[in-house]
Amino acid sequence: MQYRFDFIAGIFISLFASCVGPLFQYFIFTQTKGYPGWNVRQIVLFQGILLTYVGIRDMIYAGVRGQMMGIVRKGDFDRYLLKPFQPIVLILAGGFSLNSIGTLLMGLTIMVYSISVMGLSISILQIILFFLCLMGGLIFYSSFVVLNCAILIMTVNSGRIWDVFDSILKFAEYPAEIFPKATRVAFMTVVPFMVIAYFPTQVLLDRIDVKLFYALAVSVVFLLASLGIWNKCLKRYTSAGG
Amino acid sequence: MENIIKVESLNRSFKVTKREKAGLIYSIKSLFKREFIKVSAVADVSFSIKKGEIRGLIGPNGAGKSTIIKIISGILYPSSGAVTVMGYTPWLQRQEYVKNIGVVFGQKSQLAWDLPAIDTFQLNKKLYHIPDEIYEKNIEYFKELLSLEEVIKKPVRQLSLGERMKCELVCALLHEPPLIYLDEPTIGLDIISKQIIRDFIKRINKEKKTTFILTTHDMDDIEDLCEKVIIINKGTIVYNGELEKLKALFSKKKVIDVKFLHPVSPDTLESFKIVSKDTQSAKLEVNLEETNLQDEIYRIFDLLPVYDIDISSIDIEEVIKEIYTEHIPC
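Chains as they are written, first to last, in the working numbering: chain A, 1 to 242; chain B, 1 to 330.
The hints are simulated quantities; they were obtained by calculation from the structure and are not laboratory data.
Careful, some of the hints might be misleading.
Going by beta-carbon spacing under 7 Å, a handful of chain A positions derived as facing chain B [said to hold, decoys possible]: (1) L81; (2) L82; (3) K181; (4) S239.
Using N, Cα and C, we set each Cβ at its ideal position, and we do this for glycine too.
Go ahead and model the full structure; you've got the sequences and the hints to work with.
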């Protein structure tokens with residue numbers, strides 16, 4: 001927020017850019033046979049939830065990649081190691097930026113709008129589960145961020161690997177029903193992409209699936225595993241001359 | 001006094017990639033086949049430092065000074081060897097250990113670039129759990145001592161190097177650590193700023209009994225601040241002891257600076273040991289163990305057209321230069 005123009009421009013850009021995804025989905029949906037088991041309002045809700053998740057995620061983590069690449073290459077990572085904290089916590093905390101608040105607002109608007117249009121009545125249990133899923137999605141994403149930071153420490157400059165992970169995460173942007181049976185189950189349990197947008201939407205639509213709890217548990221396992229790898233990599237850090 | 005730092009047979013090597021030649025073809029080649037060489041940055045280094053000392057760590061670029069600082073401050077893992085600082089093994093108990101140290105890297109900033117320094121101070125207050133009254137007291141004290149009243153409110157990127165370095169020092173000292181590492185704290189500063197930083201270090205050392213480990217290329221820093229120095233070259237310690245003793249080693253040598261009335265031919269200078277010369281002047285070295293000063297000066301007046309003459313002891317810069325270039329073993 002130190003550069004005011006950049007900040008305000010960033011908000012507007014994220015606001016417009018975030019319209020593209022839902023619009024695109026809407027066209028696919030209306031021009032084809034759609035997704036099995038989903039009507040157009042439900043898909044719009046799905047998109048709203050996805051955008052809300054992306055908005056929160058980017059607010060927390062959007063800055064991490066650039067920051068991490070800079071500090072590791074120039075050896076500035078040193079100063080993180082001089083603070084009485086886990087450096088990964090400082091790195092993740094340092095990525096915070098309000099630029100994607102536009103995405104979040106757009107997501108929330110679409111979400112609230114579709115809930116009211118569909119006249120959904122939502123119980124306390126559903127709200128709790130919804131927030132659990134949202135947390136699960138963020139935890140799942142955190143594991144990717146931590147893993148990428150670890151790879152950066154080892155390879156010093158590997159921005160493209162980060163791209164790979166970003167692409168893989170696109171699996172989370174579609175309802176589970178579009179995938180073949182085995183893949184669908186795998187995405188709910190082994191690599192729980194579905195915890196990001198699919199499960200929370202299902203929760204609000206009152207179509208709760210027990211696999212949700214697997215997904216949540218596996219997300220935590222992912223994070224713990226990535227933290228383990230991170231700690232191993234820290235020993236290999238070589239700093240930069242000077 | 002008890003030891004605050006104890007380092008025993010410390011080693012650290014790095015794997016470095018080697019490329020034969022510059023250019024696109026060679027860079028593509030190195031994509032497929034890379035040669036690694038193992039470089040030993042620190043080799044079998046042992047020393048200890050007492051509480052309350054200001055110890056200088058000097059050596060040419062690439063000697064391994066920064067690597068040593070990075071290992072004993074917990075940033076890097078060593079390849080082998082033992083380090084104990086205040087009872088901690090830095091890289092293993094890093095998180096606990098770093099609460100008790102402060103570090104300033106002259107070439108890297110700890111301050112948030114876009115924010116005023118006071119914001120970084122606030123962050124450090126939170127990170128180190130500094131109690132309110134101690135934080136306020138220290139900020140006031142440093143503001144007064146380094147005249148930082150206005151400086152700490154400006155974004156760091158708008159500060160001069162000297163102002164920034166003062167803020168870096170404050171940043172490292174806020175949590176009142178008993179041990180501070182300064183890696184080239186005066187690099188790039190003007191004489192006045194350097195003096196302010198030195199006086200500040202001396203004062204903190206005196207008032208708070210803080211131990212300082214200091215690396216620098218400026219011999220004035222060393223002469224002003226340190227009683228003992230460690231000289232490092234090519235990863236090993238070549239001298240460890242009193243600065244005065246080091247000077248004493250060379251007190252038998254004098255440098256005589258002679259300016260000529262008119263240019264002299266090189267052969268007239270042949271019988272002298274020349275440090276440097278041009279057509280109008282020459283620097284001659286005299287070893288008092290071999291001859292005495294009087295004879296030597298008579299000889300100079302005898303043989304050379306003297307316009308001006310200046311006799312001085314060999315200065316510490318020369319001593320260090322000799323050690324760096326390995327002319328003398330210590």
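Broken hints, by number: The structure conflicts with hint 3 only, although it agrees with all the remaining ones.
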